[in-house]
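Chains Y and B, in that order, are what the protein sequence lines are. Residue 74 in this note's numbering sits at position 74 of the first sequence, with consecutive numbering throughout. Residue 163 in this note's numbering sits at position 39 of the second sequence, with consecutive numbering throughout.
Since the hints were made in silico from the structure, they are not lab data. If you're wondering where the values come from, they're calculated on a predicted model, not measured in any experiment. Some clues are possibly wrong.
[What the hints assert, rightly or not] What the simulated footprint calls covered on chain Y by chain B, stretch by stretch (three residues with Cβ under 8 Å from a Cβ of chain B suffice, anywhere in the stretch; the number is not a length):
1. 6 to 13
2. 56 to 62
3. 100 to 112
Every residue gets a Cβ at the ideal spot worked out from N, C-alpha and C, and that includes glycine.
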Amino acid sequence: MTILLVDDSALSRSLLTAALSNAGHHVRAVAGGRQALEALRQAPCQLVLCDWEMPGMDGLELCRLIRRQEFGRPMRVVLLSAHGCEDAARALAAGADAFLTKPISPAQLVERIGPLEHAAGEHL
Amino acid sequence: MLFERTQSPHDNAAGDNGPPAPPPEPQPQPQDDVLNYDVLLENCLGDASLLISVVAQFEQQARTDLHNILRALAGADIDGVRAAAHSLKGAAGYLTAQRLRSAAQRLELAARPGWMKLANQLATELVRQLQDCLGRLREFVERAKSESPPPIGASGADADSAVAKGNPG
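With the hints as constraints, model all of the structure from the sequences given.
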């Protein structure tokens, strides 16, 4: 899959980019919501993997904006949150396709998004 | 839809509107005493140079988060305390630093109006846990260096804006 990883933590970007790339995905990583929107305008992807809590634009707002805008291709959005299940309903309402809670190991993340690859392929 | 939790204990968010309650004491976990080199290396795909880079990034982020926590505490900035503690909690989680993560979580939960005294106490504990964690991580870095050649120009490498292309499989 082509994946845009959005996380303000350089540590998180490094670990997850390495794991996702190692699993065969094509990964771009950016540090915030505005950069993510710019990256998607330049080159849409199949999956946006986004941290929830970021300074400035948070993941929820980014998800809403992605759903409101036209990028020329359907995109899956997965939100990562260190909060609990109470965030799941908000993520769903914002248009997220999946919601995963942290802490999550890189290997777990690769496993969890696996089913989305086939689903994304059906649309693209 | 794929909505799932990967871990469920005591992950309630701070900032709800209910009556204040003491921060829940995180349940002791078997791995609480262990910042595990092998697990961290596994999370780094067995790549010792990535481990070294990740630890460097963690140190940088942790120092920034701690600075922000202490500054926010001094200014009674509850949102600032909560946000910085949350950030540090996330970083600690990726490193499997359970004790540090728990300390950051307690501070995050205590970042509420009227609780600044408790928050300051928890910050003291957080500093202690962070110092312990950084000490252990430096040992990990030395071990990683001994097990692999030093990375060439890769210290503190950032994935920002990089296009990392994996095997298309």
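Quiz prompt | Hints violated by the structure (numbers, ascending) | solution = The structure conflicts with hint 2 only, although it agrees with all the remaining ones.
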